[in-house]
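Protein chains: 2
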Amino acid sequence: MKIKVPLKKANRLVNHGPVILVSSFYKGRPNICTVAWNMPVDFDPPKVACVIGDDNYSFECIKNTGEFVINIPGKSLLKKVIQCGSVSGKNIDKFKEFGLTPIAASKVKPPLIKECVAHLECKLLRKDLAVEYNIFLAEILCAWAEKSFFKNNRLLVEKSGAKTIHHLGARFFAFPGNVIEVK
Amino acid sequence: MKIKVPLKKANRLVNHGPVILVSSFYKGRPNICTVAWNMPVDFDPPKVACVIGDDNYSFECIKNTGEFVINIPGKSLLKKVIQCGSVSGKNIDKFKEFGLTPIAASKVKPPLIKECVAHLECKLLRKDLAVEYNIFLAEILCAWAEKSFFKNNRLLVEKSGAKTIHHLGARFFAFPGNVIEVK
Chain S
65 MKIKVPLKKA
75 NRLVNHGPVI
85 LVSSFYKGRP
95 NICTVAWNMP
105 VDFDPPKVAC
115 VIGDDNYSFE
125 CIKNTGEFVI
135 NIPGKSLLKK
145 VIQCGSVSGK
155 NIDKFKEFGL
165 TPIAASKVKP
175 PLIKECVAHL
185 ECKLLRKDLA
195 VEYNIFLAEI
205 LCAWAEKSFF
215 KNNRLLVEKS
225 GAKTIHHLGA
235 RFFAFPGNVI
245 EVK
Chain R
65 MKIKVPLKKA
75 NRLVNHGPVI
85 LVSSFYKGRP
95 NICTVAWNMP
105 VDFDPPKVAC
115 VIGDDNYSFE
125 CIKNTGEFVI
135 NIPGKSLLKK
145 VIQCGSVSGK
155 NIDKFKEFGL
165 TPIAASKVKP
175 PLIKECVAHL
185 ECKLLRKDLA
195 VEYNIFLAEI
205 LCAWAEKSFF
215 KNNRLLVEKS
225 GAKTIHHLGA
235 RFFAFPGNVI
245 EVK
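Order-wise, the sequence lines are chains S and R. Using our numbering, read the first sequence as starting at 65 and increasing by one per residue. Using our numbering, read the second sequence as starting at 65 and increasing by one per residue.
No wet-lab data here; the hints were simulated from the structure. Hints are all accurate, no fakes.
Since the list gives no way to pick one copy over another, a pair counts as held whenever it fits inside one copy or between any two copies.
Pairs of lysine-lysine, DSSO-like flavour, derived with a Cα cap of 30 angstroms: (1) Lys247 x Lys223; (2) Lys73 x Lys127; (3) Lys247 x Lys154; (4) Lys223 x Lys144; (5) Lys247 x Lys160; (6) Lys247 x Lys143; (7) Lys154 x Lys144; (8) Lys144 x Lys247.
Here chain S stands alone, though its shape is the one from the complex (with noise of 0.2 angstroms):
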């Protein structure tokens, strides 16, 4: 079950640098995009940045609508994770080809991945920056995530169910091992 993260904590769900799958909304159909480089901005109103390369489809969907959801994904669909950054969706549906499920989002067009252990929907503030730089920078609108892997406002990423995958580059990835709580 997912509910629903205080908006002044979303930015948790990505502060350590997990592979997000982008989605969006365009043209009558939803696509997904593989992205690594992601960060959050700010706390309140919060806000995140992610680059997505020019050559992406969802780089022209998201120019277009201004809407996004970051999903993050948990290592057991890693193998989706790299079909979904090795093919375009201009011609396919990620969804239905990778057998990913479309869920509604609350306040923006583009669904949620509902097998994903979190999500934050986001509105583009800066089109000319996503020109420049291929920078993303959006308000996160609402953020959600898997009751069970959330707890004391983090993500769970020592449980199996809630590593996330971080990309070391080419096809070397790292998951999260022990988690300590500094006192």
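Dock chain R against the given chain S, drawing on the hints supplied.
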């Protein structure tokens, strides 16, 4: 021993979302701040972005000089990383205070932090984005990594000396466990 990393592979040092120590040099002395929010932005020329709050002394240092170094600390530096993020460098020298060693960079005035695993020498590209969003977008001029922890053009974050620090929010930190190569 530190070796130069090919500039086109420089982004890989932060591709997986580690906490960084940002060093600067202003008014005759160096400063350090701890930053969780950072991401690569481009490959060639390589660009990177990080977020430094405008209430930090480092914000002023870098806005006024246009230069900084991204240093990537390993897990053994966690205590110093938290200390560097807990006090202002306006009136103290954090290198001396926390027992860190400045060594000369090759292209910029801010020093590298010797105890870190890797380094990116950076030149600020857009002062206006720092002022408006606290985003420091920069070109990477030179990149370094500890020879024993950089192989096949990636950081060996699965090795105990090169485990990077990933901030989950509050006082929670994750560290890389296993790394896999997807064939």
